[in-house]
Amino acid sequence: MADVQFLKLTDLRPFELVAGVTAQPMFGEGAQVNLVELEPGAVVPVHSHPHEQLGIGLRGVQILLIGGEEHHIGPMDAYVIPGGVEHGARCGPEGATVIDVFQPVRKDYKQRYEA
Numbered sequence: 153m154a155d156v157q158f159l160k161l162t163d164l165r166p167f168e169l170v171a172g173v174t175a176q177p178m179f180g181e182g183a184q185v186n187l188v189e190l191e192p193g194a195v196v197p198v199h200s201h202p203h204e205q206l207g208i209g210l211r212g213v214q215i216l217l218i219g220g221e222e223h224h225i226g227p228m229d230a231y232v233i234p235g236g237v238e239h240g241a242r243c244g245p246e247g248a249t250v251i252d253v254f255q256p257v258r259k260d261y262k263q264r265y266e267a
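Residue numbers are given in this note's numbering: position 84 of the sequence shown equals residue 236, and the series is strictly consecutive.
Misleading hints may appear alongside valid ones.
Stated by the list, open to error - List of simulated lysine to aspartate or glutamate pairs, EDC-like, C-alpha gap at most 16 Å:
no.	residue 1	residue 2
1	Lys259	Glu204
2	Lys259	Asp163
3	Lys262	Glu191
4	Lys262	Glu181
5	Lys262	Asp252
Hints in this document: simulated from the structure, not taken from any laboratory. Note that the structure is predicted; figures quoted are calculated from it, not measured.
Construct the entire structure; sequences and hints are all you get.
Next up, the structure:
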């Protein structure tokens, strides 16, 4: 039987993804969930990864750049980004909070979190 986990978000230590962007991750066997905080004006450079990424906006507006188009993700807006698709993000003056889900687990995030 897989390990069952019960966690308090306040107990999850944040780690920096890029300047002005922190994540509090929860790792399962095949997927992970991150509570992500973007500071006002934060920028996530365009990048890609093999992991499928799903997200939900909770607070503020995150602007995703995919295929040269901007997509405004506000509270209760969601997105699905297939693995291998180049994308980036920026945040407006109010900052933003989003939930990101990755499948499979991002081993690079797990290593950085555990370091």
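Within 16 Å, alpha carbon to alpha carbon, are Lys262 and Asp252? holds (14 Å)
Holds or violated: Lys259 with Asp163, Cα cutoff 16 Å? At roughly 21 Å apart (the allowed maximum being 16 Å), Asp163 and Lys259 break the hint.
Run the distance test for Lys262 versus Glu181: straight-line Cα separation, threshold 16 Å. Between Lys262 and Glu181 the Cα gap is close to 12 Å, so the pair holds against 16 Å.
With the threshold set at 16 Å, check whether the alpha-carbon distance from Lys262 to Glu191 stays at or below it. violated (22 Å)
Quickly compare the C-alpha distance for Lys259 and Glu204 to 16 Å and report which way the hint goes. holds (14 Å)
In this structure, the hints that do not hold are numbers 2, 3, in rising order.
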